[in-house]
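Student: Chain by chain, the residues:
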Amino acid sequence: MSETDVVTGAEARYLLFKVGEEVYGTPLLGVREVVEPQPCKKMPNTVKHFKGLINIRGEIVGVIDLRSRFNQDDKIEGKALIVFDTEAGAVGALVDQVDSVIAIADNVIDRNPNVGSMVPIEYVVGIAKLENLLVSLIDLNKTLGTEELSQLRSTKLSAA
Amino acid sequence: MSDSIDQEILGLLLDEASEAMQEWEQSCLLLEKDPSQSNLDALFRVAHNVKGASRSVGLMDLGSFVHKAEDLINLLKDDPSLVNSERIGVLLDSQSLLNEWIETLREDPSYLPDTSKLEASIMQAIEAIQAGGGSAPALEDEVEVAKESVANSAVDDQSDRFPSVEEIQAQLAAEGEVEKKATDEPLVVVKDEPKVSAPVAKAKKASAKKKEAASRPDKTIRVSAAKLDELMQLIGELSIHQSIVTHSKQRGELETEVCGNAIYLSNKITKDLQNLTLSLRMQPVAGLFQRLERVGRDVAKAQEKDIIFNLEGTEVSLDKTVIERVTDPLIHVIRNAVDHGVEDNDQRANKGKATITIAAHQDAGGVVITVKDDGKGIDPEVIYNKAIQKGLISADADLTKREINGLILLPGFSTREVVTDISGRGVGMDVVKQAVDELGGTIEIDSELGKGTGFRITLPTNLSIIDALVVKIGRSNYAVPMKELVEIIDLTEHKLESSGSEGKMINLREVIVPVENLVEYLPAVLEADDFNKNNLELDSNAGTPALVVQDGAHQLAFEVDHILGQQQIVVRPLSEQLASLPGYSGGTILGNGEPGMIVNLSQMTKSYLKRTKRKGA
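Note that the protein sequences, when read in sequence, are chains A and B.
Going letter by letter, the first sequence gives residues 1 to 160 in the working numbering.
Going letter by letter, the second sequence gives residues 1001 to 1617 in the working numbering.
Bound conformation, chain A alone:
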């Protein structure tokens, strides 16, 4: 169960961050930490938006580039790395900028937004109508950990 389900009728805190020009929010409770990006160890046979592995205090963490995942120009390197504690283990997400933490009341969130977006639709859990902007709320905690990363470029390595 994700935290967004628990707080119906109340307000929950979200971490706001930028990918490209767009501002997104993700439930704060799923975020473990925000760290400086470090060079990733690239891995063969993986999808394009999987940047590779990093060592966070002795733990091996996979990094997903959200610029690339959200179909934006991936030539620019992200400036901040958000580490999520998902059910499947820790996952890092590379974003352009971490903005702030805000509380969003549940009644300003539209749970069934009918809008087109650069973001894969399964990511979006709602659109929050704030004073001067609309924020897409994406539950990265839920989705990042279950992403398929493997993409066999080598035909020799079939799963035996």
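Mixed in with the good hints, there may be bad ones.
Unchecked claim - Straight-line Cα separation of at most 30 Å, DSS-like style, residue types lysine-lysine; simulated pairs: (1) A:K48 to B:K1606; (2) A:K42 to B:K1483; (3) B:K1504 to A:K42; (4) B:K1610 to A:K48; (5) B:K1033 to B:K1117; (6) B:K1483 to A:K48; (7) A:K42 to B:K1033; (8) A:K42 to B:K1472.
The set of hints was computed from the structure by calculation and includes no laboratory data.
Since chain A is already given, all that's left is putting chain B on it; use the hints.
Tutor: Chain B alone, transformed into the frame defined by chain A:
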């Protein structure tokens, strides 16, 4: 709050009780061989302690069942000549029931099994003894009542087998009514979150409520207090050296001798810490072997076979996880040995008792566990024909004796004509092999017709530190477990032959070994500066190393770019997502602090064999 304390106390008690059950079982098995007073005393003490402890946390039903068994033990204790296998059978059945009861209580604190049948057989045994002119029952009862009242007080003087529960209870008892007794066992219980604060009386009162609490108590492990002291001491030392280094850094004196020494010593202490921490998880295989003996005994009794079980090397230690994961497979091996290995009494050639030896010994590669029977042995002919009949091998397959024996480890292989309750549903031995494979061990079968069968299982002593070769493929460094490698060769010293379409091969001491390039399995990932520097072309005169691996009868060489060295690596758990990537068996942090993946060469070998076989067919 009180609920969580109840949970903790209950968890501790259940840990103690599980241990007591092992002792109960051991005493019974010993009694069967030697009905001596000391064995009976030990059994009585165990039963008595379990009774007292379970009542102290409100498990009245458990307590009263143990009480009934205790009555029987008490009668036997007064006259050891009354011990017979039927009565031991009742006590062992009680142990099985209690064991299951205790394990289920961890999940469901309100669990209550049906004890009526066993209680009846216990009563029957007691009545039989009393009718046969045993000691006066009235007196027994009085003694019992007296003892019980002692047991019911918060701490029983006798229960020095439960030092940790007692200690905690003693600390908890704000009333001070309990006299803390020094314990002779230097054991403490290590827990993840020790939080003991409220009086035990309160906890006891609330114990009825805890039945709703569903959270499972933390897993605990017993470690010696001496080892904990040693750990504390090492940590203390380490922090001193660390502060010297920090201080030197602040003053810019990193190059001084003092600082150099501190760094050197920190390295040493860290290594010591690593070894010590790993040794905390090591347990002797005695408990495992005892369980195996018990299972073997039960099966032998059920099939009316006379079998003596020999246990050897029970002091050899294995990692706790390894023991846990190898228990079920070994039970299957034992069942098989009794069911298939040993023939029925009247069919045995010399009519003597059969012997099954369960032994462990330390080896360079890990711990070797052997299970050997002196039964009829495996007939290679029967196995071979059966395998052909089941389509597991082709009719013209040329196999060595050991390979034929290995066939019974294949899925869907069972030679027994009649499917029995014990083993022989056609599932089984392949599961054993799979479990051993997963642990990184090996299994071999040696058998001689008419002389017996031996299973030889090699297990790693622990799972987390392995010897590995660090290799470079493209720009990435990978670790390859040394135990997967047969040898390392230099391809420039061998003549590469082409085998037609795409393959290469070499003649390695008269064996044809195909050569694959590992970079084709793990394509190099180019990074930006690869285009500027010509990194990949450097050191081309250093030879072309290849790693030779073996899968059954097949050998395969994997060409790599460079071998960087050999080091011990600590296997790190991977997130499920990363673990699902093909081609790797784990992750690690390499010497330079970068993450590195552990290459699963055996998976690649299997993938190669599968591919080439399909082409040939």
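Student: Does K1483 (chain B) sit within 30 Å of K42 (chain A), going by the straight-line distance between their CA atoms?
Tutor: holds, 26 Å
Student: With a cut-off of 30 Å on the C-alpha distance, tell me whether K1033 (chain B) and K1117 (chain B) pass.
Tutor: Between K1033 (chain B) and K1117 (chain B) the Cα gap is close to 27 Å, so the pair holds against 30 Å.
Student: Given the hint that K1483 (chain B) pairs with K48 (chain A), does the C-alpha gap stay at or below 30 Å?
Tutor: Violated, at about 33 Å.
Student: For K1504 (chain B) and K42 (chain A), compute the direct alpha-carbon distance and say whether it is at most 30 Å.
Tutor: holds, 29 Å
Student: Against the 30 Å threshold, does the CA-CA distance of K1610 (chain B) and K48 (chain A) hold or violate the hint?
Tutor: holds, 28 Å
Student: Given the hinted pair K48 (chain A) and K1606 (chain B), is their Cα-Cα distance within 30 Å?
Tutor: holds, 27 Å
Student: Does the alpha-carbon distance linking K42 (chain A) and K1472 (chain B) stay inside the 30 Å limit?
Tutor: holds, 13 Å
Student: Sort out whether K1033 (chain B) lies within 30 Å of K42 (chain A), counting only the CA atoms.
Tutor: The hint is violated at about 63 Å.
The structure shown violates the earlier hints numbered 6 and 7.
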